[in-house]
Amino acid sequence: MSQTLKNTVLFAVVAALIVYVGIFNSWNSALLIIAMGLISSIMALGVNLQWGFAGLFNVGIMGFVALGGLAAVLVGMPRTEGAWTTGGFAVVGALLMGAGTIIIAVVMMKRMQAGWLRNLAVLAVLVVGFFVFRALLDPAVERVEAINPANTGYLGGLGLPVLLAWPVGGLFAGAAAWLIGKAALGLRSDYLAIATLGIAEIIIAVLKNEDWLTRGVKNVIGVPRPVPYEIDLQNSPEFVARAASLGFDPVEGSTLWVKFLYILLFAAVLLTLLWLSQRALHSPWGRMLRAIRDNEVAAEAMGKDVTARHLQVFILGSAICGIAGAMMTTMDGQLTPGTYQPLRFTFLIWVMVIVGGSGNNFGAVLGGFLIWFLWVQVEPMGLWLMNVITYGMADGSALKDHLIESAAHMRLMTMGLVLLLVLRFSPRGLIPEK
Amino acid sequence: MDLLNAIVALANYVLIPGIAYGSQLALGALGVTLVYGILRFSNFAHGDTMALGAMATLLVTWLFQSWGLSLGVLPTALLALPFGIVFTILLLLGTDRVVYRFYREKKAKPVILVIVSLGVTFIYNGITRFIIGADDKNFLDGERFIISARDFKAMTGLEEGLSFKTTQAITIVTAIIVVALLFWFLNKTRSGKSMRAYSDNEDLALLSGINPERVVMITWIIVACLATTAGVLYGLDKSFKPFTYFQLLLPIFASAIVGGLGNPLGAIAGGFIIAFSEVTVTYAWKKVIGYVMPNGMEPDGLVQLMSTDYKFAVSFVILLIVLLIKPTGLFKGQST
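Protein chains in written order, with this note's numbering: chain B, 1 to 434; chain X, 1 to 336.
Simulated from the structure, these hints should not be mistaken for laboratory data. Mixed in with the good hints, there may be bad ones.
[To be verified] Straight line, CA to CA, 30 angstroms or less: simulated DSSO-like cross-link-like pairs of lysine-lysine:
no., chain 1, residue 1, chain 2, residue 2
1, X, 107, X, 193
2, X, 137, B, 218
3, X, 109, X, 326
4, B, 434, X, 106
5, X, 106, B, 304
6, X, 286, X, 193
7, B, 304, X, 107
[What the hints assert, rightly or not] One-sided and incomplete, this derived list gives chain X residues near chain B with beta-carbon spacing under 8 angstroms:
no., residue
8, 15
9, 181
10, 249
11, 250
12, 323
Beta carbons: idealized from backbone N, C-alpha and C, even for Gly.
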């Protein structure tokens, strides 16, 4: 069987699975699977750029995705009345001052002669800077958070069209990746993994605790949408008539239509990124990256700047994850920092890339859809399995209750198992790199 | 008198918790550093190995408690610890046999092993949650305090109380014993020496007739002991919750890297550096400074550098600084 045929069959199988859900479950869940599958595919594309092209191990995908979500809030939400004048500018000023302190310290580190004098001076700058920073920041934050804390209590966003947030999310994630890459690239590969693990935890901690920025665990709800609201559609006679002519009642028709519009938007982004990734893969730049991945020493001897290329591709891949994160928050319509979990946003994406086929962009897309489908379906399947196992047991027995209750944790094991099995028996994935 | 109060407050809130937490981190970091030294990859599954070991101990503890078995003032968990260790040894050896050995024989790149260990992490995590659920579990019994704050105040007449929990004492004592045993093993026994030789130079060690599979086996056994002990101590001191062990990974790795990956002594030093940085940066110094400063000059705020929610940021920043300035760590470790 030729490669193209095999790939077509694989994609057709996934499509058939989704259609199956549509027919036997509901078209709403099928469309939701497609929409989330598109977002997952974009994340997988980003990780594939890092891992498949360059062999970089990023364990902080969750953090970059969350930064994208933050962008959706900062760009899309309306400005909070009075927050900027009471404390917003002071907060930004304090942050700039903090950044300035770090820059001064870095410049001093570079310019001054090495020795205890330099270390003392840098330390002094950092300590003094930190206290000034806190002295400026804390009262301003308090003033912002005091504004109607039940509903706002944060700066709000810029009130711009939320679609703008998607590239901005990419920028945020790229900036964080630059910081990490600068420190951890060029050292052994594990260090990048550990550093990304750390930044992800910290980004989530910031989102959870800086109420002036994201309302913390109080969540930002009602992020504006790029598509119409269901309730508006249901109230428009034009739409109701059109839905009726297609045989849908208004409620079902409007939910389907909204999801369909999202799918169009997401598909446009995915196709653009996929096209760009394919171009990158077949360009001299892509060949250079693979050469570096396969033999760093040889590539370096050929005069390639390994660390700079790694930094480049690490930033690009993370930025793609940021874009996907912004898209996801846009569709959810809310930013809930408490729901970001490494299993869901880091590990799952890794399984997608490995199963789909690392180094192959189409593999990443296939993996994105397939694994997302499994992720959604494993829980009901686990529950079903547990029900079968416990069928013979007496109702109300402790073991039976425990087993059925634990079915929710089946996802962890299943995904871990899938990853290990694929790595062991088919390390090149479903659609291998050519 | 004020100065004494300040010292007591400092000991109560910073020194004792710092030493206990540092011991737990050091034990964890020792496990990571040993795997790194011998098997040459960063074991992401270490946090969840600790969780599984602690879980096994916890289950045995509950069993003993239901039999009415106890150690009097000491927690029953100490009695159950050996059983937990045996379970973890079997688990790690089994995992090595089924998962890691294949890649070792293929001489796969370290980063592949790191990914594999991430897969193992989630399977372990799944098993833990499957068996015991995701909620907080308490398995501490026996006497809670060696000195409670109230007794201390009554004894000394100071305003500040000093409380010394049993778990903190046990943590510190156990850590000292375990570390002493480990260093005795590494430096004095034949197996320990062969481990160090293998870690320093694999080819040379193979040439001198060291059996690599045996070295790997011994390493996993030691790592199981360290991980279970660290997990149980942490669980006794705080409380047992499967997810916290995954979050412990960052401070543990930071400790191991700050000290120099692959260097056991460095792992211990790193553990205490990270622990004390975390505790001092997130502690509200108001009380201590209030006692030291002359009357009328007490600080208004809490004098807390960072809120406790950012304790991970502390280990992360230290990690970044070390990576930027001295990637081999404070003690010479392997960096390539």
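Right, here's what the structure says about each hint:
The suggested pairing of residue 107(X) with residue 193(X) holds, with an alpha-carbon distance near 24 angstroms, which does not exceed 30 angstroms. This hinted pair checks out: residue 137(X) and residue 218(B) have alpha carbons roughly 27 angstroms apart, not beyond 30 angstroms. In summary, the hint linking residue 109(X) to residue 326(X) is supported, as the alpha carbons are separated by about 24 angstroms, within the 30 angstroms threshold. For the suggested pair residue 434(B) and residue 106(X), the alpha carbons sit about 22 angstroms apart, so the restraint of at most 30 angstroms is met.
Distance hint between residue 106(X) and residue 304(B) is fulfilled; the C-alpha atoms sit about 29 angstroms from each other, no more than 30 angstroms. Our distance criterion of 30 angstroms between C-alpha atoms is broken by residue 286(X) and residue 193(X), whose separation comes to about 50 angstroms. For the hint linking residue 304(B) to residue 107(X), the alpha-carbon distance of about 26 angstroms falls within 30 angstroms, and the restraint holds. Against a cut-off of 8 angstroms between C-beta atoms, the interface hint on residue 15(X) is violated, since the closest Cβ of chain B lies about 22 angstroms away.
Proximity of residue 181(X) to chain B is violated relative to the hint, the smallest CB-CB distance being about 28 angstroms (cut-off 8 angstroms). Because the beta carbon of residue 249(X) sits about 7 angstroms from the nearest beta carbon in chain B, less than 8 angstroms, this interface hint is met. For the restraint placing residue 250(X) at the interface with chain B, the shortest Cβ-Cβ distance is roughly 5 angstroms, inside the 8 angstroms limit, so the hint holds. With a least beta-carbon distance of about 5 angstroms to chain B, the hint placing residue 323(X) at the interface is held under the 8 angstroms criterion.
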